[in-house]
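Please model the complete structure; the sequences and the hints are all you need to start from.
So the chains spell out like this:
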Amino acid sequence: MDRDGLRREIKDLLADVLDIDPDDIDQDTSPDTVEAWDSLAHIRLISAIEEKYSLSLPPEEQVEMLNFELIEDVVAEKLSL
Amino acid sequence: MTELTDIKRRLRREAAEGDADGFRTTLEAFLDANSDAQAIQFAANRIAQFQERTAPTPFRLSLLSSFTLEPVEPALRVSEFRAGRFVEPTFIAYEQWAMALSEPGILDAAAPDAVLLLLHLEDVAPLLARQHLAADIDALDRETDDLVGLILNGLEAFRSRSAAPLILSSFTAAERGVERHFDRRVEPSRAARIDTLNQRLSETARSVPNVYVFDYAETVHDYGRKAWFDPVGHHHTHCAVSPRALPLLAGELSFFLSALTGKRRKVLALDLDNTLWGGVVGEDGPDGVAAGGDWPGNAFRDFQAFARNLRASGVALTLLSKNNEADVREGFEVNNRMPLSLDDFAAMRIDWNDKPGNLRAVADEIGLSPDTFVFADDNPLEAELMRDQMPEVRTVHLEGPASLFTQSVLRQGEFFCVGLTDEDRIRADSYSAARARNREEARTTDHRAFLAGLELELEFRRPKTSEIERITQLFARTNQFNLTTRRYSAADILDLLVKDTADLRIAKLCDRFGDYGIIGVTLCIDDATDRTRRIDSFLMSCRVLGRQVEYAMLATLENAARDAGMQRLIGEYVPSRKNRMVKEFYSEHGFEQGGHDGHFLRDLTMCQPLGVPDWISVSG
Numbered sequence: 005m006d007r008d009g010l011r012r013e014i015k016d017l018l019a020d021v022l023d024i025d026p027d028d029i030d031q032d033t034s035p036d037t038v039e040a041w042d043s044l045a046h047i048r049l050i051s052a053i054e055e056k057y058s059l060s061l062p063p064e065e066q067v068e069m070l071n072f073e074l075i076e077d078v079v080a081e082k083l084s085l
Numbered sequence: 016m017t018e019l020t021d022i023k024r025r026l027r028r029e030a031a032e033g034d035a036d037g038f039r040t041t042l043e044a045f046l047d048a049n050s051d052a053q054a055i056q057f058a059a060n061r062i063a064q065f066q067e068r069t070a071p072t073p074f075r076l077s078l079l080s081s082f083t084l085e086p087v088e089p090a091l092r093v094s095e096f097r098a099g100r101f102v103e104p105t106f107i108a109y110e111q112w113a114m115a116l117s118e119p120g121i122l123d124a125a126a127p128d129a130v131l132l133l134l135h136l137e138d139v140a141p142l143l144a145r146q147h148l149a150a151d152i153d154a155l156d157r158e159t160d161d162l163v164g165l166i167l168n169g170l171e172a173f174r175s176r177s178a179a180p181l182i183l184s185s186f187t188a189a190e191r192g193v194e195r196h197f198d199r200r201v202e203p204s205r206a207a208r209i210d211t212l213n214q215r216l217s218e219t220a221r222s223v224p225n226v227y228v229f230d231y232a233e234t235v236h237d238y239g240r241k242a243w244f245d246p247v248g249h250h251h252t253h254c255a256v257s258p259r260a261l262p263l264l265a266g267e268l269s270f271f272l273s274a275l276t277g278k279r280r281k282v283l284a285l286d287l288d289n290t291l292w293g294g295v296v297g298e299d300g301p302d303g304v305a306a307g308g309d310w311p312g313n314a315f316r317d318f319q320a321f322a323r324n325l326r327a328s329g330v331a332l333t334l335l336s337k338n339n340e341a342d343v344r345e346g347f348e349v350n351n352r353m354p355l356s357l358d359d360f361a362a363m364r365i366d367w368n369d370k371p372g373n374l375r376a377v378a379d380e381i382g383l384s385p386d387t388f389v390f391a392d393d394n395p396l397e398a399e400l401m402r403d404q405m406p407e408v409r410t411v412h413l414e415g416p417a418s419l420f421t422q423s424v425l426r427q428g429e430f431f432c433v434g435l436t437d438e439d440r441i442r443a444d445s446y447s448a449a450r451a452r453n454r455e456e457a458r459t460t461d462h463r464a465f466l467a468g469l470e471l472e473l474e475f476r477r478p479k480t481s482e483i484e485r486i487t488q489l490f491a492r493t494n495q496f497n498l499t500t501r502r503y504s505a506a507d508i509l510d511l512l513v514k515d516t517a518d519l520r521i522a523k524l525c526d527r528f529g530d531y532g533i534i535g536v537t538l539c540i541d542d543a544t545d546r547t548r549r550i551d552s553f554l555m556s557c558r559v560l561g562r563q564v565e566y567a568m569l570a571t572l573e574n575a576a577r578d579a580g581m582q583r584l585i586g587e588y589v590p591s592r593k594n595r596m597v598k599e600f601y602s603e604h605g606f607e608q609g610g611h612d613g614h615f616l617r618d619l620t621m622c623q624p625l626g627v628p629d630w631i632s633v634s635g
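Protein chains in written order, with the numbering used here: chain A, 5 to 85; chain B, 16 to 635.
Dumping the calculated SDA-like pairs for lysine to any residue here, alpha-carbon to alpha-carbon at most 25 Å:
hint: 1; chain 1: A; residue 1: 56; chain 2: B; residue 2: 19
hint: 2; chain 1: A; residue 1: 56; chain 2: B; residue 2: 263
hint: 3; chain 1: A; residue 1: 56; chain 2: B; residue 2: 88
hint: 4; chain 1: A; residue 1: 56; chain 2: B; residue 2: 51
hint: 5; chain 1: B; residue 1: 514; chain 2: B; residue 2: 579
hint: 6; chain 1: A; residue 1: 82; chain 2: A; residue 2: 57
hint: 7; chain 1: B; residue 1: 241; chain 2: B; residue 2: 192
hint: 8; chain 1: A; residue 1: 56; chain 2: B; residue 2: 238
hint: 9; chain 1: A; residue 1: 56; chain 2: B; residue 2: 63
hint: 10; chain 1: A; residue 1: 56; chain 2: B; residue 2: 239
hint: 11; chain 1: B; residue 1: 479; chain 2: B; residue 2: 168
hint: 12; chain 1: A; residue 1: 15; chain 2: B; residue 2: 63
hint: 13; chain 1: B; residue 1: 23; chain 2: A; residue 2: 76
hint: 14; chain 1: A; residue 1: 56; chain 2: B; residue 2: 21
hint: 15; chain 1: B; residue 1: 23; chain 2: A; residue 2: 40
hint: 16; chain 1: B; residue 1: 241; chain 2: A; residue 2: 58
hint: 17; chain 1: A; residue 1: 56; chain 2: B; residue 2: 97
hint: 18; chain 1: A; residue 1: 15; chain 2: B; residue 2: 48
hint: 19; chain 1: B; residue 1: 23; chain 2: A; residue 2: 57
hint: 20; chain 1: B; residue 1: 23; chain 2: A; residue 2: 5
hint: 21; chain 1: B; residue 1: 23; chain 2: A; residue 2: 45
hint: 22; chain 1: B; residue 1: 23; chain 2: A; residue 2: 47
hint: 23; chain 1: B; residue 1: 241; chain 2: A; residue 2: 65
hint: 24; chain 1: B; residue 1: 23; chain 2: A; residue 2: 58
hint: 25; chain 1: B; residue 1: 598; chain 2: B; residue 2: 566
hint: 26; chain 1: B; residue 1: 23; chain 2: A; residue 2: 7
hint: 27; chain 1: B; residue 1: 23; chain 2: A; residue 2: 10
hint: 28; chain 1: B; residue 1: 593; chain 2: B; residue 2: 603
hint: 29; chain 1: A; residue 1: 56; chain 2: B; residue 2: 54
hint: 30; chain 1: A; residue 1: 56; chain 2: B; residue 2: 242
hint: 31; chain 1: B; residue 1: 479; chain 2: B; residue 2: 492
hint: 32; chain 1: B; residue 1: 23; chain 2: A; residue 2: 28
hint: 33; chain 1: A; residue 1: 56; chain 2: B; residue 2: 44
hint: 34; chain 1: A; residue 1: 56; chain 2: B; residue 2: 27
hint: 35; chain 1: B; residue 1: 514; chain 2: B; residue 2: 491
hint: 36; chain 1: A; residue 1: 56; chain 2: B; residue 2: 20
hint: 37; chain 1: B; residue 1: 278; chain 2: B; residue 2: 103
hint: 38; chain 1: A; residue 1: 15; chain 2: B; residue 2: 28
Quick caveat, the hints were computed from the structure, so don't treat them as lab data.
Shown next as structure tokens:
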């Protein structure tokens, strides 16, 4: 998978978990721009990402992944993309 | 990928349109193919959307926990939807579980249909969980005593405000420590103390009405402690259950809630060859079939053992076998050390007729409707035929080795329930008593003499607390002899018992062949202003038809109404798909068709008291 494919997948994942339209998601989408993205949604989001990419994200990283771009960067790094 | 996008788009549309059948079918297909956290959350969002659109009756579940349980919500919405319910969960923040129970407020505002209390040992008994060797014994004792006290006080306080079912959960530890290899032989033993704690909670569940136990510890063991608990999550987000275990927790909770709220099937109809024993008795001979010894006979033996235990829990067993009857009898005689004997079956058909017809005949014989049956057969054609001809029967096709049969029947059979009453325990034996009675009846030519010879004794009185569970069962399950088919829950019953305008009675019957247990319930509601008593519910188990017990009950109610100074007694009949047999009940017993549809009136000032049949002795 390339970086574009990964971006599309993560957009889909965010859209499914937060129940928003994937087309409304850009690099800056964050808890500040999406009302449903509260701390509980963040827990669900992280666990969906961990399961999908077979990752184990340490708490220090989980709390940093607070917008779309940061999430994509962390996952891309872990998958060496 | 595009296929997935399509199905998701379709689910959005069907949820938005409120297309119930389409939505359910599409969602089931989606979930069968996609089961990761992302798919579950998407599905949960669609269910919430559908729920908002169609506003079905929700099942309001309040979840009290000692940790962050909220992440279970998507999986719970999905498992509840698959169980046929629309859950409306209310999560009470984890510091507040004790207060929510003991003090009026947040819990009551949710008006829950059920309350779950799920506590982790690490949160509520940290000394026992992590420092049981270092702690003073006194401190350790105090910690558990305080915890039990907190739970018990909470239960009693909540019970004084609400009759809703309350579900406690058993405790287990999330991790094992240094005691790992000596715990059971050194004092203080952590495991022994957890056992005692669970024991004390179970006793609570027996003493406070409508309290149940969700065996969380066993559920964790089912899947494995290490996979279940997330030690980092415990400290970081206070969610100690690992994300992957959440769907398992949700699924098990939905199973439990189905057992709590649903109907239990009453009969297991079993095939014989290659179901209860290995081999075909007609071909292999009585020595050639096996339910014991080594593989594969031992697997059949254990399936029989399961069936025997199921019988003891109140499920009647019946046998449907395509064989010559003599071969089958010989098979049971030769293999007489098997767990089951022919006497364990309430009814049987051993012939070459088709099984749907035979199941119907067996249902008639024991007086239960086919929709209370589960049918289990290893033969796919027999299973298919039954599914096709009698969809109301729950058919379980027993696939693969016999070692797997037990769990197949349990998973699909709707045999789970959250308690056992005295009636459940004696039910299977009562069919043998019924056979003895039937033999006696066939011998006696004079029906009245037969009835007089039964020595029928009817107890007709207000229920005891321990009998509420059985009353709930009767309200939930009685379809045929049920005048109004009003389904009162345990919570409703607790409310009715404290109302002085309501008179709820149970009918308990026995004769010289045995005890029938509680076989009927009546509910009368008074309208004191015009001296009218209305029989809101009148239901009776069909097992006792033909003895005029119902007439003895009606006469007793009528006399009680007179004693209470009533002038009118109203009997109600609400037709259902199954209760035609009682359509004429009131008109045949001296009631006049009333003004309202389905109302029958007896003017107590104008007629003589009804008499109790002289072969029944009634006590209050």
